[in-house]
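> Take the sequences, apply the hints, and build the full model.
Chain order of the listed sequences is H and A. Numbered as in the numbering used here, the first sequence ends at 124 without a single skipped number. Numbered as in the numbering used here, the second sequence ends at 360 without a single skipped number.
Any given hint might turn out to be false.
Stated by the list, open to error - No farther apart than 27 Å at their CA atoms in a straight line, the calculated lysine-lysine pairs in the DSS-like style are these:
| # | chain 1 | residue 1 | chain 2 | residue 2 |
| --- | --- | --- | --- | --- |
| 1 | A | Lys47 | H | Lys36 |
| 2 | A | Lys47 | H | Lys69 |
| 3 | H | Lys69 | H | Lys12 |
| 4 | H | Lys36 | H | Lys69 |
Unchecked claim - Quick look at which bits of chain H chain A covers, simulated, 3 or more residues with Cβ under 8 Å:
| # | segment |
| --- | --- |
| 5 | 4 to 10 |
| 6 | 86 to 92 |
Claimed, not checked - Label pairs and their computed distance ranges (CB to CB):
| # | chain 1 | residue 1 | chain 2 | residue 2 | range |
| --- | --- | --- | --- | --- | --- |
| 7 | A | Arg33 | H | Glu8 | 37 to 47 Å |
| 8 | A | Asp45 | H | Arg16 | 33 to 43 Å |
| 9 | A | Leu63 | H | Val100 | 39 to 49 Å |
| 10 | A | Glu3 | H | Arg87 | 53 to 63 Å |
| 11 | A | Ala50 | H | Ser15 | 29 to 39 Å |
| 12 | A | Ala50 | H | Leu109 | 21 to 31 Å |
| 13 | H | Val19 | A | Asp45 | 31 to 41 Å |
| 14 | H | Thr108 | A | Ala44 | 46 to 56 Å |
| 15 | A | Gly2 | H | Asp30 | 22 to 32 Å |
| 16 | A | Arg51 | H | Gln72 | 29 to 39 Å |
| 17 | H | Leu70 | A | Pro234 | 49 to 59 Å |
| 18 | A | Pro133 | H | Arg90 | 52 to 62 Å |
| 19 | A | Leu106 | H | Leu70 | 56 to 66 Å |
| 20 | A | Arg51 | H | Ala86 | 19 to 29 Å |
These aren't lab readings, by the way, just hints derived from the structure by calculation. Every residue gets a Cβ at the ideal spot worked out from N, C-alpha and C, and that includes glycine.
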Amino acid sequence: MVASPAIEVQVKSWSRPRVEGGAFVYDGLDEVQYNKLVDGPFSVPRYLFLVVVPSEREEYTRFETDGMKLRQLAYFTDLRGERAVARPDRRRQRRVRIPVGNLLTPRTLLGLVGGAEGAYDGHG
Amino acid sequence: MGEPPSAVDLAGYLAAAGWRPLREFRGGVAWGREGGHEILVPVADAKDGARRVREALAVLGTLEGRPSGSVAADVGTPAADVQWYRTGFDPGADGQLGLGSALATLEGAQGVLAAAARAVLGGPRTAFEGPAPRAVRELLGRVRVAQDAGRLTLRIPLDPGDDPLGRRVALLLRDALPRLADAVAGGEAAAFDGLVGAGVSADLCRALARFAGPDPGAAFTTGFRWARTLTPPPSTEAAVFGPGAGRLLRHGAFRLRRLRFTGQASVTGRVISLVDNGGQDRFRVHVHGEMTEPEGGTSRRALWVRLHDAAAYGLAIAAHRDAVPVVARGLLVTAGGRPELVTGPGDFQPLPGAPPPRTH
Chain H
1 MVASPAIEVQ VKSWSRPRVE GGAFVYDGLD EVQYNKLVDG PFSVPRYLFL
51 VVVPSEREEY TRFETDGMKL RQLAYFTDLR GERAVARPDR RRQRRVRIPV
101 GNLLTPRTLL GLVGGAEGAY DGHG
Chain A
1 MGEPPSAVDL AGYLAAAGWR PLREFRGGVA WGREGGHEIL VPVADAKDGA
51 RRVREALAVL GTLEGRPSGS VAADVGTPAA DVQWYRTGFD PGADGQLGLG
101 SALATLEGAQ GVLAAAARAV LGGPRTAFEG PAPRAVRELL GRVRVAQDAG
151 RLTLRIPLDP GDDPLGRRVA LLLRDALPRL ADAVAGGEAA AFDGLVGAGV
201 SADLCRALAR FAGPDPGAAF TTGFRWARTL TPPPSTEAAV FGPGAGRLLR
251 HGAFRLRRLR FTGQASVTGR VISLVDNGGQ DRFRVHVHGE MTEPEGGTSR
301 RALWVRLHDA AAYGLAIAAH RDAVPVVARG LLVTAGGRPE LVTGPGDFQP
351 LPGAPPPRTH
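Okay, here's the thing in structure tokens:
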């Protein structure tokens, strides 16, 4: 097992994406889940991966002549610097914005992992 | 597992176990060892520090072949030597030991430590008698025990200083137990005699036999891990006692206990009874007092003394009548299953300085 570099992710799926001002407006995190992403500092950085999926489960995959397609796309965001909720409640949701440009690809994933070796600043 | 150990203790454990720091990572350090394994030791104030430590313990548990909770206990107690046993007792389908087996291992472990501690404090003996010294009882009182099916772990905390009793006890056992295991493998209890100087005693053998269970007995193994607050001694292989070891250990314990009552000895005390039937059993007196044993130790006991002749017996009669203390010297033997001091001419006398018995 290799210990570093490393990242940790919380993965959420979303079948009814809503975009405003160039960002996905996501209300699917409760406050406890939100704090797990922001209440650092963390020795291993944490990210939210949002996977946009079709509303019908049968549409998640499509088999075509040149291969299997997984639908649709995933996006990432780093919530470092956000303030944690003082008394988190699972019954309350916390809104986060994920830039539409933060498309998760092999290259951007490698960038996240490679960038994890940045200096630990005590703030996540 | 309760609260996981600290990152500092984890780093200390890794260093002592042969891991090397590889690189820094976000304030923490990635440690590695051969095989490509890595462990991240987090920086102290990281909010995910406990999670990282638990991950590390899981990796260590897998690599070391033991539960992560056991690893955590070692990591969290840097100032304790560890003696471990792997027994042959079969856990049930529920993975738990029967009460009898569990008690046997605990009593055996306590007996082994007590015998070794007595040898450290008072010198090697073939057998010990009477209650253990206070220092031994205090040491045993500080030992911590973890037991799961088939495995017993004893954590021996070390007092501050360069030469704590707990370390001395562990070192004695580290050296003596492999030699004893070799003697057991050789199949001859007589070989135990030569190990008394190394701290092997009847008490140690008897306690160790508990781990084998009832005859024919199962194999068992014991070894050590060392505290990190003292320089660890050179590592040695674990001591492996094969099937049937229990029987030979019990035989050896019996033999060593009898050896205690062989050789030159003396007793100083009062004559409490006398026997002379004019036939086969002549001139035998029972003296209660302090016995000096062949190995040099002393004990208070009542000892039968075989007097040389009628004259000595007459002295004994007078001493008994007048309650005059006596001293007897001679060769200690086993007669009729009991120790007996055989005296020669002049070896039985009133104690110097005591008023002489009235003779008629």
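> The structure should be examined with respect to each hint, and the outcome stated for every one.
Here is what the structure says about each hint:
no., hint, verdict
1, A:Lys47 x H:Lys36, "holds, 10 Å"
2, A:Lys47 x H:Lys69, "violated, 38 Å"
3, H:Lys69 x H:Lys12, "holds, 19 Å"
4, H:Lys36 x H:Lys69, "violated, 32 Å"
5, 4 to 10, "holds (count 4)"
6, 86 to 92, "violated (count 0)"
7, A:Arg33 x H:Glu8: 37 to 47 Å, "violated, 24 Å"
8, A:Asp45 x H:Arg16: 33 to 43 Å, "holds, 40 Å"
9, A:Leu63 x H:Val100: 39 to 49 Å, "holds, 44 Å"
10, A:Glu3 x H:Arg87: 53 to 63 Å, "violated, 23 Å"
11, A:Ala50 x H:Ser15: 29 to 39 Å, "holds, 35 Å"
12, A:Ala50 x H:Leu109: 21 to 31 Å, "holds, 27 Å"
13, H:Val19 x A:Asp45: 31 to 41 Å, "holds, 38 Å"
14, H:Thr108 x A:Ala44: 46 to 56 Å, "violated, 32 Å"
15, A:Gly2 x H:Asp30: 22 to 32 Å, "holds, 28 Å"
16, A:Arg51 x H:Gln72: 29 to 39 Å, "holds, 32 Å"
17, H:Leu70 x A:Pro234: 49 to 59 Å, "holds, 57 Å"
18, A:Pro133 x H:Arg90: 52 to 62 Å, "holds, 59 Å"
19, A:Leu106 x H:Leu70: 56 to 66 Å, "holds, 57 Å"
20, A:Arg51 x H:Ala86: 19 to 29 Å, "holds, 22 Å"
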